[in-house]
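Q: Sequence:
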Amino acid sequence: MSIPLLEYSPSSQNQRVEGYEVPNEDTPTLYKLTSATSDTDIDAIIWAGYRQIFSEHLILTSYRQNFLESQLRNRAITVRDFIRGLGKSEVFRSQVADLNSNYRLVDIILKRFLGRAAYNKDEEIAWSIVIATKGVHGFIDALLDSDEYLENFGDDIVPYQRRRFGERPFNLVNPRYNSYWRDAQSMRNMGSRSFYSARTSGSLTTDDIRRAIPANFFAMAGKIIITERNYQRTIASVTSQITTLDIPDTSREVSTEEVTIKPVAVTLPYSYIPGISKN
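Numbered per UniProt numbering, the sequence shown spans residues 1 to 279.
If you're looking for bench data, these hints aren't it; they were derived computationally from the structure. Misleading hints may appear alongside valid ones.
[Unchecked claim] Think about it this way: if two alpha-carbon atoms lie no more than 27 Å apart in a straight line, the pair counts; the simulated DSSO-like pairs of lysine-lysine are:
hint	residue 1	residue 2
1	Lys121	Lys88
2	Lys32	Lys88
3	Lys134	Lys88
4	Lys121	Lys134
[Said to hold, decoys possible] DEER-style ranges, computed between Cβ atoms:
hint	residue 1	residue 2	range
5	Ile125	Phe67	27 to 37 Å
6	Gln13	Ile125	11 to 21 Å
7	Glu7	Asp39	41 to 51 Å
C-beta: ideal position from N, C-alpha, C; glycine also.
Let's have the full structure, built from the sequences with the hints guiding it.
A: What follows is the structure, given as structure tokens:
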């Protein structure tokens, strides 16, 4: 038996207040299938659906759902069915659902499928229980079949950010994952990596990092740590070696015997003519 949706009190957000503003650049464009008269209009509806649900500024070729596009072009399905198919696609699961906690997933899906943020923490808790019991697909079905969705978008309008003020558009500025998921992934990946190759970010503390580092890393680091040099001890050791050092006698003995040098006749290659003195 599934748990019924918990009660929560809606707050007064922009979309729940009657507006008197003049249409301007903040007024959203309505992409409506019943108003489409050409293939160009259908392309615009498909592009708006991708941007709203996948939060992509450009449609990536690998993200396109060709089967859903073909059915929508042939008007075999409604825009609401097209949005439902995008939410249940493998791309949405791998790029959004698997990368966030249930609380954050509630806020993201409400913004993209209902065009509004969560009212409060109570609503996040209530819908997170639905995700835990029925899965993400059950949560998406509950939103698309709700009175709020049908009253605002019906079967033929692509969801949009209602009464867009402040953060605009918020479905395009949401990061793919937040610090909660980033920290969880860091803790998983650091189990077999060294301290220097581990990428740390978010709210991880030094104790968290040390718990994730293998125990043998500290033993390995201890072997390569250079011992601290005591300069006073080094100076005393060198001074002691100098004072007790025996310097060997390397002087040579000098002989006292007289040495007689005899002249040696030298034959010159020319005749020496002494100079004539002038008196």
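Q: Now tell me, hint by hint, if it's right for this structure.
A: Hint-by-hint comparison with the structure:
1. Lys121 x Lys88: 25 Å, holds
2. Lys32 x Lys88: It holds: about 21 Å lies between the C-alpha atoms, which stays within 27 Å.
3. Lys134 x Lys88: 13 Å, holds
4. Lys121 x Lys134: Distance of about 20 Å is within 27 Å: holds.
5. Ile125 x Phe67: 27 to 37 Å: 36 Å, holds
6. Gln13 x Ile125: 11 to 21 Å: 18 Å, holds
7. Glu7 x Asp39: 41 to 51 Å: 46 Å, holds
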